[in-house]
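Just so you know, the protein sequences line up as chains A and B, in that order.
Heads up: the first sequence at position 409 corresponds to 409 in our numbering, and the numbers run straight through without jumps.
Remember, our numbering sits 424 above the position in the second sequence when you count from 1.
Worth flagging that the hints you see were computed from the coordinates, not collected in a lab.
Hints are not guaranteed to be accurate.
What the hints assert, rightly or not - Subject to a maximum C-alpha distance of 27 Å in a straight line, what follows is the list of computed DSS-like cross-link-like pairs (lysine-lysine): (1) A/Lys10 / A/Lys170; (2) A/Lys17 / B/Lys550; (3) B/Lys612 / A/Lys17; (4) A/Lys156 / A/Lys170; (5) A/Lys57 / A/Lys17; (6) B/Lys612 / B/Lys550; (7) A/Lys113 / A/Lys188; (8) A/Lys129 / A/Lys113; (9) A/Lys181 / A/Lys170; (10) A/Lys156 / A/Lys175; (11) B/Lys612 / A/Lys10; (12) B/Lys550 / A/Lys10.
As the list claims (entries may be wrong) - Reference listing, derived: stretches of chain B covered by chain A, where coverage requires no fewer than 3 residues with Cβ under 8 Å from a Cβ of chain A: (13) 518–528; (14) 538–545; (15) 568–582.
Every residue gets a Cβ at the ideal spot worked out from N, C-alpha and C, and that includes glycine.
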Amino acid sequence: MLSLLGTLAKFAVIIVKNVRRNLLRTTFTSLGTMTLVLVVTLVWSVLSFIDDQTSEKANDLKVLITEKNKSPSRLPYAYVSSLKEGAARAPDDVRPVDYMTWVFYGGMLDPTKPSRENFIFLIGGEPEKIPTMMEELDQLGPADRARLDRAVQRMKEQRNACVIGPEQLKTMNKKVGERIKVSGLIFKGIDLEFEIIDTFPDAAKRYAQTSVMNIEYLLAALEEYKVTNKKPHPEGDAPVAFVVLRVKNRAELERLTAQIGDSPLYTAPAVRCESQGSAISSFLEAYKDIFWGMRWLLGPAVLFTLSLVIANAISISVRERRMEIALLKVLGFRPGHVMGLVLGEALLIGTLSGVFSAGGAYLLINKLAGGIPFPIAWFQRFFIPDQALWWGLAVGAGTAFVGCIFPALSARSVRVADVFSKIA
Amino acid sequence: MSDAEPIVRVVGVHKYFTRGAERVDVLQDLTVDVADGEFLALMGPSGSGKTTLLNLIAGLDTPSAGEVWVGSELISQMSETGLARWRTRSVGFIFQFYHLLPVLSAYENIELPLLLLPLSAADRKKQVMTALELVGLTDRMSHRPGQLSGGQQQRVGIARAIVTDPTLIVADEPTGDLDAKSADEILKLLDELQRGLQKTIIMVTHDPHAAERAQRTLHLEKGNLVEQTARKLERA
Ligand SMILES: Nc1ncnc2c1ncn2[C@@H]1O[C@H](COP(=O)(O)OP(=O)(O)OP(=O)(O)O)[C@@H](O)[C@H]1O
Ligand SMILES: [Mg+2]
Chain A
1 MLSLLGTLAK
11 FAVIIVKNVR
21 RNLLRTTFTS
31 LGTMTLVLVV
41 TLVWSVLSFI
51 DDQTSEKAND
61 LKVLITEKNK
71 SPSRLPYAYV
81 SSLKEGAARA
91 PDDVRPVDYM
101 TWVFYGGMLD
111 PTKPSRENFI
121 FLIGGEPEKI
131 PTMMEELDQL
141 GPADRARLDR
151 AVQRMKEQRN
161 ACVIGPEQLK
171 TMNKKVGERI
181 KVSGLIFKGI
191 DLEFEIIDTF
201 PDAAKRYAQT
211 SVMNIEYLLA
221 ALEEYKVTNK
231 KPHPEGDAPV
241 AFVVLRVKNR
251 AELERLTAQI
261 GDSPLYTAPA
271 VRCESQGSAI
281 SSFLEAYKDI
291 FWGMRWLLGP
301 AVLFTLSLVI
311 ANAISISVRE
321 RRMEIALLKV
331 LGFRPGHVMG
341 LVLGEALLIG
351 TLSGVFSAGG
361 AYLLINKLAG
371 GIPFPIAWFQ
381 RFFIPDQALW
391 WGLAVGAGTA
401 FVGCIFPALS
411 ARSVRVADVF
421 SKIA
Chain B
425 MSDAEPIVRV
435 VGVHKYFTRG
445 AERVDVLQDL
455 TVDVADGEFL
465 ALMGPSGSGK
475 TTLLNLIAGL
485 DTPSAGEVWV
495 GSELISQMSE
505 TGLARWRTRS
515 VGFIFQFYHL
525 LPVLSAYENI
535 ELPLLLLPLS
545 AADRKKQVMT
555 ALELVGLTDR
565 MSHRPGQLSG
575 GQQQRVGIAR
585 AIVTDPTLIV
595 ADEPTGDLDA
605 KSADEILKLL
615 DELQRGLQKT
625 IIMVTHDPHA
635 AERAQRTLHL
645 EKGNLVEQTA
655 RKLERA
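Start from the sequences, fold in the hints, and give me the full structure.
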């Protein structure tokens with residue numbers, strides 16, 4: 001056993017020395033591998049995020065209630081009180097376990113200068129629902145969560161408090177503690193003054209450019225508009241974009257959908273009720289060709305190219321070393337040993353480059369660059385998921401393996417008698 | 425012929441190669457015995473089949489007809505894998521162009537065949553050191569082939585050939601690429617292996633001087649044994 005390990009170690013030494021013998025070629029091969037693994041990592045990061053968004057989580061099912069057949073959707077705030085109960089009437093009707101109302105308020109800090117630094121977009125909702133009903137915020141660490149909870153508490157007590165994503169804050173060139181005046185764009189004539197009480201924690205990467213406010217603040221302003229102008233605001237009777245409900249399981253989701261669909265409360269306007277995953281899927285329908293292309297054309301094409309890069313480098317090595325391979329066979333190395341040496345060389349280059357590339361991308365893109373800027377649908381940026389480190393390993397090793405099959409077979413078939421022939 | 429039991433017996437061996445539709449008969453009905461512990465030289469013009477015969481005896485190739493025995497083993501009937509295993513233990517190879525792996529040190533080159541045997545690291549080391557000592561290169565063991573002279577490289581080649589303690593050593597023009605002085609040293613070394621360690625050595629050579637070292641010389645011509653130079657009297 002020990003002697004076997006020792007022998008394997010000796011084989012490993014030979015492999016490492018072989019890899020190092022043509023440093024230029026090894027360098028080019030691993031640079032090529034790293035670039036291509038990077039592309040695959042980026043593509044798969046976007047796809048895995050999209051898949052995650054559109055897949056139903058068995059134990060965390062969310063239902064999205066929007067205006068039927070209209071985009072953007074607008075619902076009266078009056079719907080909320082019954083919707084958050086799932087339109088339950090009978091005692092044994094299904095009730096959602098949680099809910100959140102979403103309004104969108106956007107505007108300019110300085111209405112005379114319509115520029116990006118001047119624009120702010122806020123999601124309004126029930127502050128206490130932010131940590132549980134907004135994606136990923138329930139995964140914050142204890143310190144970040146405590147900070148978010150304090151901000152939520154403050155938003156509840158102080159209606160004009162808002163939390164702004166760190167990048168958005170930087171874009172606007174503002175600081176926590178400052179006040180901002182916003183002239184409404186979505187709700188024209190509704191100008192609101194906010195106090196920036198905190199930013200989203202850095203760990204909540206998706207929220208770098210997102211801002212949240214208390215829905216009550218907007219509702220109160222709409223009410224005030226009505227009193228002052230003696231008529232309701234044109235958007236005032238339907239300010240809600242959608243309501244999100246959480247249910248326990250698939251069965252409850254179906255019953256809840258039926259309950260809301262059968263309810264007489266929602267006729268003008270009528271509502272659509274679907275699981276969040278399928279809602280997002282239908283939003284993304286317009287982009288499905290892009291995703292399809294990324295998944296089935298770009299990804300495989302890059303993997304194929306990667307195999308070729310490795311196959312090319314390894315077959316040059318094998319061709320150069322035919323005499324050495326023949327010599328090894330004369331000494332009694334069997335075809336399996338020879339293939340092992342070739343495979344080991346390919347795996348060493350592929351695996352190291354793959355892990356290095358994916359790991360580097362993970363650090364650089366997530367920690368330094370703040371995500372991949374790839375604006376599609378309403379997503380702005382994508383992040384490299386933790387499992388990308390495994391992708392790097394698997395892609396590097398897998399393509400190295402595929403790429404070295406032919407060179408390894410050709411090494412295997414080198415004839416022993418070649419060493420004695422005159423061509424040496 | 426030697427009076428000792430033959431260690432190598434080539435019996436009625438035929439070997440032909442096919443080049444396209446053409447058949448090239450290289451060895452024809454060749455029979456020869458090599459005694460245990462003998463130093464045999466093989467001479468003959470280029471293309472006469474010396475290397476071909478050596479390859480058959482060393483288990484690198486199989487005859488088209490006839491039998492090759494080494495010790496008690498009929499190697500002409502062995503499978504490819506069987507031959508590979510047999511070669512590791514039983515044959516040491518010395519080449520005209522040394523065939524050392526350029527990335528490995530002298531030590532590691534000598535160690536190569538041992539990697540195929542179930543030895544402990546300590547035993548492996550002991551055997552490599554013994555071989556290094558025998559060829560007098562202990563002080564150069566961490567040098568790579570590129571850092572050694574031709575004669576030194578060939579000594580590493582010889583150490584690699586004897587490190588598994590094989591019964592048979594085959595050498596194809598081992599001095600063909602060396603100057604007279606280095607060639608002489610190599611021949612002396614082979615002589616020592618044969619006398620001191622009782623190795624059986626079969627050496628192909630074009631050099632009559634080199635052949636003089638051997639106890640017997642076989643002349644091949646067009647695949648036939650044309651002459652056997654009588655065994656010389658034992659040198660003291
Ligand atoms: N694998 C092969 N395929 C076809 N023909 C071969 C092969 N190996 C050897 N031959 C032919 O067999 C003949 C004998 O070759 P061999 O190498 O045994 O000669 P040799 O006596 O060793 O010559 P040299 O002194 O030049 O090394 C030559 O005509 C050669 O072309
Ligand atoms: Mg020859």
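So, going through the hints one by one against the coordinates:
About 56 Å separates the Cα atoms of A/Lys10 and A/Lys170, which puts this hinted pair outside 27 Å; it is violated. A hinted pair counts as satisfied when its Cα atoms are at most 27 Å apart, and A/Lys17 with B/Lys550 qualifies at roughly 24 Å. About 34 Å separates the Cα atoms of B/Lys612 and A/Lys17, which puts this hinted pair outside 27 Å; it is violated. The hinted pair formed by A/Lys156 and A/Lys170 meets the criterion: a straight-line CA distance of about 25 Å does not exceed 27 Å.
For the proposed pair A/Lys57 and A/Lys17, the alpha carbon gap of about 49 Å is over 27 Å, so the pair is violated. For the suggested pair B/Lys612 and B/Lys550, the alpha carbons sit about 24 Å apart, so the restraint of at most 27 Å is met. Between A/Lys113 and A/Lys188, the direct Cα distance comes to roughly 16 Å. Compliance with the 27 Å bound is thereby established for this hinted pair. The suggested pairing of A/Lys129 with A/Lys113 is violated, with an alpha-carbon distance near 34 Å, which exceeds 27 Å.
Pair hint A/Lys181 plus A/Lys170 holds up; C-alpha atoms about 16 Å apart against a cutoff of 27 Å. Using a Cα cut-off of 27 Å, the hinted pair A/Lys156 and A/Lys175 holds, with the two alpha carbons roughly 21 Å apart. As the CA atoms of B/Lys612 and A/Lys10 are separated by approximately 32 Å, the hinted pair breaks the 27 Å bound. Note on B/Lys550 and A/Lys10: the hinted pairing holds, with a Cα-Cα distance of about 16 Å set against a maximum of 27 Å.
Residues of the segment 518–528 of chain B with a Cβ under 8 Å from some Cβ of chain A number 8, which satisfies the need for three, so the listed coverage holds. Coverage of a stretch by a chain is defined here by at least three residues with a beta carbon nearer than 8 Å to that chain's beta carbons; for the segment 538–545 of chain B and chain A the count is 6, and the condition holds. With a threshold of 8 Å between beta carbons, the proposed coverage of the segment 568–582 of chain B by chain A is violated, since 0 of its residues qualify and at least three are required.
Hint compliance for this structure: hints 1, 3, 5, 8, 11, 15 are not met, and every other hint is.
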